[in-house]
Amino acid sequence: MFVNQPNQQQLPINTYPKWKYVLIIIVLALAFLYAAPNIFGEDPAVQLSGLRDTKITQSQLEQIEQAWEEKGVEPISVKPSSIGEEGVQKVIARFSKPADQLKAREAASDVLNPTLENQNYVTALNLAPATPQWLADIGGAPMKLGLDLRGGIHFLMQVDMEQALKRQQDQLRRDFIDTLTDQEPSIRGRVEPIENGMLLSFRNQEDAERAYKALYQDHANRIELSLEEKGGRPVIRGTLNKQKLQEIRDNAIEQNRLILSTRVNSLGVAEPLIQRQGADRIVVQLPGVQDSALAKQILGATASLEFRLVNHEGDVVAARNGRVPSDSKLFDSEYGPILVYNDVEVSGDHLTNATATFDPQTNEPIVSVRLDSEGGSKMSRTTAENVNNQLAMILKESRPIFDIKDGKRVLVGSKLEERLISAPNINGPFGSRFQITGRFTQAETQDLARKLRSGALIAPTFIVEERTIGATLGEENIEKGVTSVIIGFALVLAFMLLYYKLFGLVANVALSLNLVLIVCVMSLMGATLTLPGIAGIVLTVGMAVDANVLIFERIREELRAGTRPAQAIDKGYAQALSTIADANITTAIAAIILFAIGTGPVKGFAITLFIGILTSMFTAIFVSRGVVNLMYGGRTVKKLSI
Amino acid sequence: MQILNKDTNIDFLKLRKFAMALSLLLIIGSITSFFTKGLNYGLDFTGGTLIEVGYEQDADIPKIHEQLDGIQIKGAVVQNFGSAKVVQIRMPQQDHIENAKVGDEVLQALRADGAEVTKRDQSFVGPVIGEELKEKGGLAMLVALICIMIYVALRFEWKFSVGSVVALAHDVIIIVGFFSVTAVEFDLTVLAALLAIIGYSLNDTIVVFDRIRENFLRIRKGTSDDIVNTSLNQTLSRTLMTSITTLLVLLALFFYGGQTIHSFAEALIVGVFIGTYSSIYVASPVALLLGVKKEDLMPPEIEKEGEEFDTP
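Those sequence lines, one after another, are chains C and G.
With the working numbering applied, the first sequence covers 1 to 642.
With the working numbering applied, the second sequence covers 1 to 312.
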């Protein structure tokens with residue numbers, strides 16, 4: 001592309017065919033367009049959202065807008081997102097002044113959360129990009145800023161997988177015993193735990209073979225079985241297979257991620273990040289949050305599940321009017337209010353699993369629930385005595401209570417909240433395994449299973465890394481980062497101009513365009529700009545010059561050797577090309593490895609370095625040649641300003 | 001403007017023996033320091049708690065020590081960070097306080113006498129994470145070196161490949177040695193800088209090798225030593241130019257980038273010097289030592305030949 005190829009020989013030396021200029025112009029126009037959102041800055045905004053599944057209704061929205069009008073604050077725009085049937089999940093309103101933002105939040109909070117006790121909505125202060133509508137419509141968005149640039153808290157939580165596996169092992173023990181006792185005649189043997197499974201020993205070979213067959217039939221999908229001999233006795237080694245182990249780990253992570261998401265939502269953080277990292281960790285980033293003690297308290301709060309009985313003797317109508325029997329509590333259910341006894345029959349600690357599945361006979365979506373042996377025996381006692389009563393499943397969660405004072409969100413206390421998640425009928429006595437049926441859709445069973453699991457601490461988490469970056473430090477970082485980029489950039493530009501004169505100017509144009517391209521690519525990718533990322537950009541600026549230096553030094557060499565100027569340009573570019581390619585590819589290898597192996601700051605650095613390598617190849621070779629061709633192409637050149 | 005005369009003809013290789021001795025000395029020194037003195041690992045690697053606080057007035061460091069002793073914090077390092085009003089406190093794992101709570105307890109203790117203390121930055125890193133990072137960092141370095149070696153072997157020749165990797169290892173060892181001797185904090189960003197240096201130094205080396213390859217094919221007369229020397233001279237002005245521009249930017253980062261990327265910039269500045277030196281005095285001499293010669297580089301790809309012949 002850069003050498004004079006035979007099919008281009010009709011063109012005079014140092015001229016590009018028209019399509020190359022068109023290509024350059026198109027690429028650069030797009031680069032400027034998509035880099036543009038970064039110069040518009042951000043508007044102060046208020047983000048309103050419902051907790052859990054609560055929606056913001058149209059009339060609430062109208063009330064809020066009216067309240068704003070009364071207070072004399074006028075939003076620039078009010079944008080509802082994710083519109084559902086009953087209302088919207090989230091609304092972002094932008095304002096011109098931070099003072100308006102604070103007033104607006106207070107007013108909105110008064111409408112949405114009229115009492116302190118009953119907070120179903122979160123109002124959060126946010127910064128919304130002030131990208132013009134038409135630009136946003138074509139996908140333009142500014143780069144996101146990392147926590148180190150905007151302040152906030154970063155947690156790395158470790159999920160205790162051993163706990164999760166241990167629970168499953170206990171489960172396995174009971175399942176094995178169930179299978180063996182279910183046989184006719186039942187098989188006797190000994191069960192002892194081994195890594196990821198159970199070892200069963202039998203009295204004779206015949207028992208062992210029957211057991212093997214039965215176990216294979218019942219559990220082949222999740223267990224690896226092997227029939228062996230140990231100390232002269234036949235034994236069966238049954239261990240969880242790879243898929244099942246993976247599934248246990250994935251479930252533990254996913255469950256914790258969901259629990260953390262719900263809690264973070266109640267914190268009212270504008271753009272939280274809750275993401276799995278590696279095999280057993282979860283990253284939680286809370287931009288703008290400064291109080292790490294509060295954040296930890298809320299993230300660490302545990303939910304618990306309780307199985308209780310429904311009180312059919314109490315008077316629901318009287319209870320609704322405030323006369324609740326002392327031994328019960330009134331709950332809302334989908335079939336209207338019901339009274340539930342305060343006594344806990346079985347606590348959620350005993351829950352080992354709850355999964356959405358299908359009834360093998362009717363193929364209807366159901367939820368299958370497993371309890372441990374202690375829970376199972378309690379449950380069979382309860383259910384035997386209460387056939388045809390309802391079993392209420394109640395999720396207890398401690399929720400923070402916030403008050404908005406002067407636009408600031410202050411924690412004023414916490415409240416233990418009890419929610420009824422399901423109250424199915426007890427059709428007959430059951431123990432450690434039971435199914436919840438009803439006219440469920442698949443989505444409903446999944447939701448129910450998820451809620452049940454969230455009350456059972458299947459795998460606890462603990463914090464292994466925590467970083468709090470103060471808001472002032474974030475501002476300082478961004479200010480210093482930008483200053484150093486500007487200074488470094490200016491120094492390089494000045495030096496290049498001094499050293500290579502007109503050609504230096506060409507290199508400077510290429511360098512500036514490179515910066516625009518890097519910003520454009522990062523914005524389009526939705527990459528996050530961090531301080532190490534800025535360092536990566538700065539370094540790229542320094543190294544991007546290299547390509548032009550290589551070319552210009554070649555041209556100078558050619559001139560010294562007596563080559564005519566036009567030819568010198570052509571040869572300079574042609575001969576430097578393979579060197580530039582080799583040098584950049586090796587640096588790119590380093591960047592890719594950094595990205596693959598590094599985490600956090602190292603990744604941020606690697607991304608910008610890699611993008612910078614790609615864009616600098618384009619600008620330093622292709623664009624700079626284009627400019628040089630425009631200046632010197634198609635005419636006799638006597639002297640080069642280099 | 002030109003820094004160098006039109007045709008430099010420095011006999012770089014004359015100093016080869018001296019340079020090798022110097023490099024060996026530096027490497028031995030670095031390794032000795034690394035194993036005896038070790039590195040001043042940052043929080044990322046050691047685990048523990050770091051808290052950065054700002055005071056209204058200049059901070060009273062002895063008093064902070066007292067306050068920390070008051071809540072039985074052991075092994076705390078208290079130092080000013082960037083300004084007299086800002087203090088950074090680093091603490092190793094504490095036995096009696098739960099890790100996640102150390103930061104909050106310290107803050108409470110500092111505020112106990114009613115002083116205005118603002119928390120600027122707080123980090124806690126568990127011990128597992130630090131260990132993992134050391135492992136992963138070392139692994140990243142190793143994988144990077146191997147991949148680069150393979151690429152250079154494919155593009156050039158194995159003797160060059162060995163030369164470039166020896167030069168890279170040389171750079172990494174000496175920079176780690178520099179951090180060990182000066183006891184500047186070695187954190188995650190320094191690790192990133194080390195990897196960036198691998199990229200940078202390699203860039204330099206490749207440019208020289210590229211020219212050596214070209215000259216081997218073009219210049220018919222002269223020994224391998226002569227040709228390498230000529231190539232080093234021809235690329236010298238580019239080598240200097242690129243080092244200068246990169247240094248300009250790094251100096252801007254060093255002086256204006258703020259505390260957080262201070263050691264990052266420092267590592268890179270040292271790296272640019274070492275990397276430039278090693279591409280002249282380590283990479284090529286090692287390739288020569290291995291006996292690289294014209295015949296090694298007669299490649300099957302001869303597309304350039306036709307062009308070369310018209311220069312008499």
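Hints were generated in silico from the structure; no laboratory data involved.
Some hints here could point you the wrong way.
[Stated by the list, open to error] With a Cα cut of at most 30 Å, we get these calculated DSS-like pairs of lysine-lysine:
id	chain 1	residue 1	chain 2	residue 2
1	C	K571	G	K159
2	G	K136	C	K603
3	C	K242	G	K85
4	C	K166	G	K294
5	C	K144	G	K136
6	C	K571	G	K136
7	G	K294	C	K603
8	G	K63	C	K415
9	C	K329	C	K242
10	C	K396	C	K20
11	G	K293	C	K396
12	C	K603	G	K134
13	C	K20	C	K90
14	C	K296	G	K74
15	C	K571	G	K294
16	C	K296	G	K101
17	C	K396	C	K296
18	G	K85	C	K480
19	G	K294	C	K296
20	C	K571	G	K134
21	C	K480	C	K396
[To be verified] A short, non-exhaustive set of chain G residues, derived as facing chain C with CB atoms under 10 Å:
id	residue
22	L50
23	R120
24	D121
A quick note: this is a predicted structure, and the numbers were derived from the prediction, not measured.
Ideal Cβ positions, reconstructed from N, Cα and C, are used throughout, including at glycine.
Against the structure, the hints:
1. A hinted pair counts as satisfied when its Cα atoms are at most 30 Å apart, and K571 of chain C with K159 of chain G qualifies at roughly 29 Å.
2. Annotation: proposed proximity of K136 of chain G to K603 of chain C holds, straight-line Cα distance about 13 Å (limit 30 Å).
3. Under the criterion of a C-alpha separation no larger than 30 Å, the hint pairing K242 of chain C with K85 of chain G is inconsistent with the structure, at around 56 Å.
4. The hinted pair formed by K166 of chain C and K294 of chain G fails the criterion: a straight-line CA distance of about 66 Å is larger than 30 Å.
5. Restraint check for K144 of chain C and K136 of chain G: satisfied, since their Cα atoms lie roughly 27 Å apart, inside the 30 Å limit.
6. Note on K571 of chain C and K136 of chain G: the hinted pairing is violated, with a Cα-Cα distance of about 44 Å set against a maximum of 30 Å.
7. Distance check on the hinted pair: K294 of chain G and K603 of chain C sit about 42 Å apart at the alpha-carbon level, beyond 30 Å; violated.
8. Our distance criterion of 30 Å between C-alpha atoms is broken by K63 of chain G and K415 of chain C, whose separation comes to about 40 Å.
9. With a C-alpha separation of about 45 Å, the suggested pairing of K329 of chain C with K242 of chain C is violated against the 30 Å cut-off.
10. Only pairs whose Cα atoms come within 30 Å are accepted, and K396 of chain C paired with K20 of chain C is rejected, the gap being roughly 66 Å.
11. For the hint linking K293 of chain G to K396 of chain C, the alpha-carbon distance of about 78 Å lies beyond 30 Å, and the restraint is violated.
12. A hinted pair counts as satisfied when its Cα atoms are at most 30 Å apart, and K603 of chain C with K134 of chain G qualifies at roughly 16 Å.
13. Restraint check: the Cα-Cα separation between K20 of chain C and K90 of chain C comes to about 46 Å, which exceeds 30 Å; the hinted pair is violated.
14. At most 30 Å may separate the alpha-carbon atoms for a hinted pair to count; K296 of chain C and K74 of chain G meet this at roughly 24 Å.
15. Straight-line distance between C-alpha atoms of K571 of chain C and K294 of chain G comes to about 24 Å, which keeps the hinted pair within the 30 Å bound.
16. Only pairs whose Cα atoms come within 30 Å are accepted, and K296 of chain C paired with K101 of chain G is accepted, the gap being roughly 9 Å.
17. Under the criterion of a C-alpha separation no larger than 30 Å, the hint pairing K396 of chain C with K296 of chain C is consistent with the structure, at around 19 Å.
18. Restraint check: the Cα-Cα separation between K85 of chain G and K480 of chain C comes to about 18 Å, which is no more than 30 Å; the hinted pair holds.
19. With a C-alpha separation of about 67 Å, the suggested pairing of K294 of chain G with K296 of chain C is violated against the 30 Å cut-off.
20. Of the pairs offered as hints, the one joining K571 of chain C and K134 of chain G is violated, with about 47 Å between alpha carbons and a cut-off of 30 Å exceeded.
21. Of the pairs offered as hints, the one joining K480 of chain C and K396 of chain C is violated, with about 47 Å between alpha carbons and a cut-off of 30 Å exceeded.
22. Interface restraint check for L50 of chain G: the shortest CB-CB distance to chain C comes to about 9 Å, inside 10 Å, so the restraint holds.
23. For R120 of chain G, the shortest C-beta to C-beta distance to chain C is roughly 4 Å, which falls under 10 Å, so the interface hint holds.
24. For D121 of chain G, the shortest C-beta to C-beta distance to chain C is roughly 5 Å, which falls under 10 Å, so the interface hint holds.
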